[in-house]
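Participant: First to last, the sequence lines map onto chains Z and P.
When you line the first sequence up against this note's numbering, it's residues 1 to 450, in that order.
When you line the second sequence up against this note's numbering, it's residues 1 to 516, in that order.
Check the hints yourself; a few may be wrong.
Computed, partial: chain Z to chain P, Cβ under 8 Å [said to hold, decoys possible]:
(1) LYS102
(2) SER124
(3) GLU126
(4) PRO167
(5) ALA270
(6) THR421
Okay, the calculated bits of chain P under chain Z, using three or more residues with CB under 8 Å as the criterion [what the hints assert, rightly or not]:
(7) 60 to 67
(8) 133 to 140
(9) 190 to 204
(10) 355 to 363
Hints listed in this document are in silico derivations from the structure and should not be mistaken for laboratory results.
Where is the CB? At the ideal position from N, CA and C, for every residue including glycine.
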Amino acid sequence: MYRVLQTLIFALMATAALHAGPPGAGEKILPFPIHQTVLDNGLKIVTIEFDSPGIIAYYTVVRSGSRNEVESGLSGFAHFFEHMMFRGTEKYGKDKYNDVLKSIGADNNAFTTDDYTTYHTLASAEALETIMDLESDRFMNLKYSEEAFKTEAGAILGEYNKNYSSPFLTIFEKLRNAAYTVHTYKHTTMGFLGDIMDMPNQYQYSLTFFNRWYRPEYCTVLIVGDVQHHKTVAMAKKYYGKWKRGNYVLDVPKEPPQTKGSVVEMSWKAETLPILAIGYHGPAFSDAQIDMPAMDVLSQALFSQSSNLFRKLVIEEQAVEFVQGGQQDSRDPGQFTIFTRIKDPKMIQKVSDEIDGTIEEAKTTPVSAERLAEIKSFLKYSYAMGLDNADAIARSIVHYIAMTGDPESVNKVYALYDRVTAEDLMAVASKYFDANNRTVVLLTQEGAKQ
Amino acid sequence: MRPLSFVILVIVLITLISGSIDAKTPVKVTEIRSEHSPLVNFRIILRAGSINDPKGKEGLNALTAFLLAKGGTKELTYQQVVASLYPWAASINVQPDKEITTFIGNVHRDHLEEFYKIFSDLLLNPRFDPDDFTRNKDLAISFLEKNLRGTDDENLGKEALGLVMFGNHPYGTADATVQGLKSSTLEDVKEYYAKTYTIGTMWIGIAGGYPRAFVETMKKDFGKLPDGKFSPISLPEPEAINGLEIAFVEKPARGTAISIGHPLPVTRKDKDFYALLVANSHFGEHRTFNGVLMNRLRGDRGLNYGDYSYIEKFTGGTGSSRFPNVNTPLRQQYFSIWLRPVQPENAHFAVRAALFELEKYVKEGLTAEQFQQTRKFVSNYSKLWAQTLDRRLGYKMDSEFYGTGDYIERIDKELKTLTVADVNSAIKKYISPANLKVAIVANDGKSLMEAMVSNAPSPINYQSPVSEKILEEDKLISNYSLSINPKKTKLIRVQQLFENESPSRTLGRKDKENIR
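Using the sequences and the hints given, assemble the complete structure.
Facilitator: In structure tokens form, the structure reads like this:
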């Protein structure tokens with residue numbers, strides 16, 4: 001009786017909240033329409049109106065990340081170039097660019113990943129034209145001296161140094177390096193240290209890099225918040241209209257299937273607990289194929305805080321501090337990676353066996369309908385709860401623009417989650433979780449006994 | 001005698017009468033209701049923090065908070081709590097700090113009632129499970145031993161500065177120590193909870209799309225806590241600093257992390273704070289290219305990734321968001337400079353460069369034009385700090401802590417009447433370029449200490465040519481004399497930090513075991 005009453009109460013509450021809740025089956029995950037226009041030169045303009053009175057998030061996505069670093073000795077260049085984009089043009093030199101941003105009180109920065117680089121500004125909606133003037137100018141007319149280029153290389157090394165105090169960067173480096181043989185995912189976005197040290201000598205290449213990728217057909221301008229599409233497009237034609245297409249076609253080496261598992265052991269000088277990282281080659285991102293959404297659901301089933309493995313290793317046996325697993329979306333096949341930090345070096349083998357056992361079980365044991373429903377609910381609420389400000393919405397959409405070039409991919413992917421079945425999970429577990437397709441990195445403290 | 005007895009009698013009677021009408025202090029509530037918001041954010045603050053830790057049990061406040069937030073209720077085990085929250089993607093976290101401890105809950109309003117039952121039970125009817133206690137205690141100890149000491153040099157430097165800066169002041173004790181945590185038992189936690197979690201200390205914050213009557217339910221539920229008044233620990237004036245007092249923290253490290261600062265006698269409640277807010281934005285606005293420090297050290301010289309300054313405690317803002325965490329207020333604040341890791345061979349030069357710029361900043365202040373630009377920036381930029389309801393709630397509670405009225409509005413109001421003279425006189429009055437505490441995390445702290453104490457020249461070599469102007473300035477900087485106080489400058493092995501007491505006391509004891 002209580003349950004019936006409770007259900008009724010929540011049904012009433014849900015009615016009140018319907019317009020704001022996550023979508024049911026068949027509805028789009030993003031509750032706001034996406035407006036898109038492609039300019040004659042190939043530049044895509046995307047706007048999403050969101051109730052953030054007076055504020056806009058202005059993002060420019062360049063579909064060029066460390067994946068595009070195909071030439072040997074030049075890893076880390078997409079990220080380095082991101083820094084150079086703040087070095088100014090003839091019209092707006094470095095200081096002038098900054099002064100204008102300062103005068104409008106903007107929050108402005110950029111970041112680079114495996115697959116893309118994005119430049120973002122959060123500011124008053126009134127400043128839209130000012131921002132577009134600044135951004136279009138630097139994307140078309142960037143100019144910097146060799147001296148400025150070399151000085152900025154020092155900041156890159158500083159960034160590497162700051163990240164390096166955490167062993168996770170090194171583990172990622174080792175994992176990528178061992179798992180890939182020819183594909184550019186072999187290096188992290190920071191790049192190989194040797195290449196970072198050599199960056200000051202690559203001024204000429206930086207000009208080539210700009211000419212290749214900072215072209216309209218590789219870019220999308222996304223504006224979220226207090227924005228109107230038709231006005232924005234008219235403005236974009238004025239500011240970006242003269243931008244010329246490029247002609248470079250990327251050929252990223254295809255990674256051959258891994259035929260034998262590998263193990264990399266490494267030691268760490270500073271105090272640390274053992275960290276175990278296990279990587280399997282997984283699928284590429286797709287908004288049409290079921291593999292990647294199925295891997296996302298599987299990662300929740302096996303490695304989320306609600307999983308049996310987490311309950312056993314973290315809560316009951318307290319053998320590890322945390323365990324997590326999953327695969328980030330990537331344009332080419334990426335790594336499904338499991339991380340755990342083990343409380344006692346003597347427990348490494350046992351923990352490793354437990355993870356293997358969980359993976360083997362996933363190949364043959366179907367996830368219950370109830371559990372599957374919980375996971376799908378988590379994924380939807382998790383996304384819906386992140387939609388509370390213009391910047392967060394823009395950031396989530398940028399990701400999909402980078403993956404496929406189409407912001408509607410977000411709605412397509414969440415529709416695919418609805419279709420994932422227990423059989424799909426067993427199928428992707430069998431397909432990807434193969435010992436020959438695995439790379440393991442184990443980091444322990446120097447001198448620690450196992 | 002008669003009049004006095006009469007007065008006492010009247011007071012007693014009034015107390016009795018008022019006691020019979022309202023036996024308990026009402027629970028303090030701060031709310032921002034937004035009917036159409038699909039989310040509900042909770043910030044439930046305990047007005048106690050690490051300064052309330054009993055001596056020898058440093059970390060007890062944090063451990064108690066973690067056991068509540070990451071434990072079970074009388075009805076549900078921790079595992080059941082986690083399983084319940086999962087399909088809603090709801091979260092419960094805790095942020096223990098020096099003065100306050102904030103329990104943060106976020107849920108979609110579809111699940112508000114069920115979520116609140118669990119969240120409130122965690123705080124009001126905790127399970128105090130021994131296994132949960134062990135798990136949280138191990139994690140807290142590991143955080144100090146492995147994360148902070150081992151793998152996070154930037155935060156290590158900042159935390160070390162926080163400790164040395166306040167000396168014997170209550171803020172000078174670590175928020176947790178390894179030995180303090182080890183000696184804390186489950187009974188200690190229960191006792192601390194019973195004593196500290198009262199109607200007087202709990203402060204409810206809620207924002208979002210909750211029903212109008214919801215707050216009354218919360219007040220009633222939290223009103224069941226034991227009665228108790230909020231009585232903050234009194235804080236002494238921080239000790240005076242004499243010259244540069246440097247703690248060199250030695251550990252295996254690729255780069256050298258540097259933090260510099262001194263206590264500051266103004267907070268958001270003071271008018272002068274707003275003059276310093278503009279001044280500091282010009283000198284070192286966090287993660288922007290507006291600041292003098294960033295432009296001179298990174299922009300001109302490529303010394304590192306970033307160089308910033310602050311006029312109050314600033315945590316967070318190092319990931320995708322550059323804005324600080326809310327709900328870390330202090331009654332006494334501090335000025336600080338943060339130099340992100342530099343190449344070890346440039347560490348001495350980097351400290352000199354930062355202090356060279358600091359001296360110039362104090363001496364020259366801002367020009368009228370710089371003042372106008374920066375004032376406009378701060379006025380606009382501050383509007384971006386509270387974009388979500390959750391952050392607005394956090395800022396609103398901080399505003400109440402300081403008694404500022406709405407902080408963002410106060411900035412606007414104060415900045416309107418501010419003059420360049422106000423700003424420059426505030427810099428001179430409050431910022432000292434000579435008397436500072438410094439924490440340096442370095443691989444070879446001993447050599448760096450020797451070089452710095454002896455004021456040895458620290459020329460810098462660039463991989464690339466820089467302008468003549470910079471080279472000329474470098475000559476001044478590389479010989480810039482630092483007035484280091486050798487008596488208050490020490491080398492500490494990283495294992496001694498956060499072990500059992502504040503390093504400032506460790507330094508004072510001249511314990512040969514601890515200090516080389």
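Participant: Could you tell me which of the numbered hints above are not met by this structure, giving the numbers in increasing order?
Facilitator: Checked against the structure, the hints that fail are numbers 3, 6, 7, 9 and 10, while the rest are satisfied.
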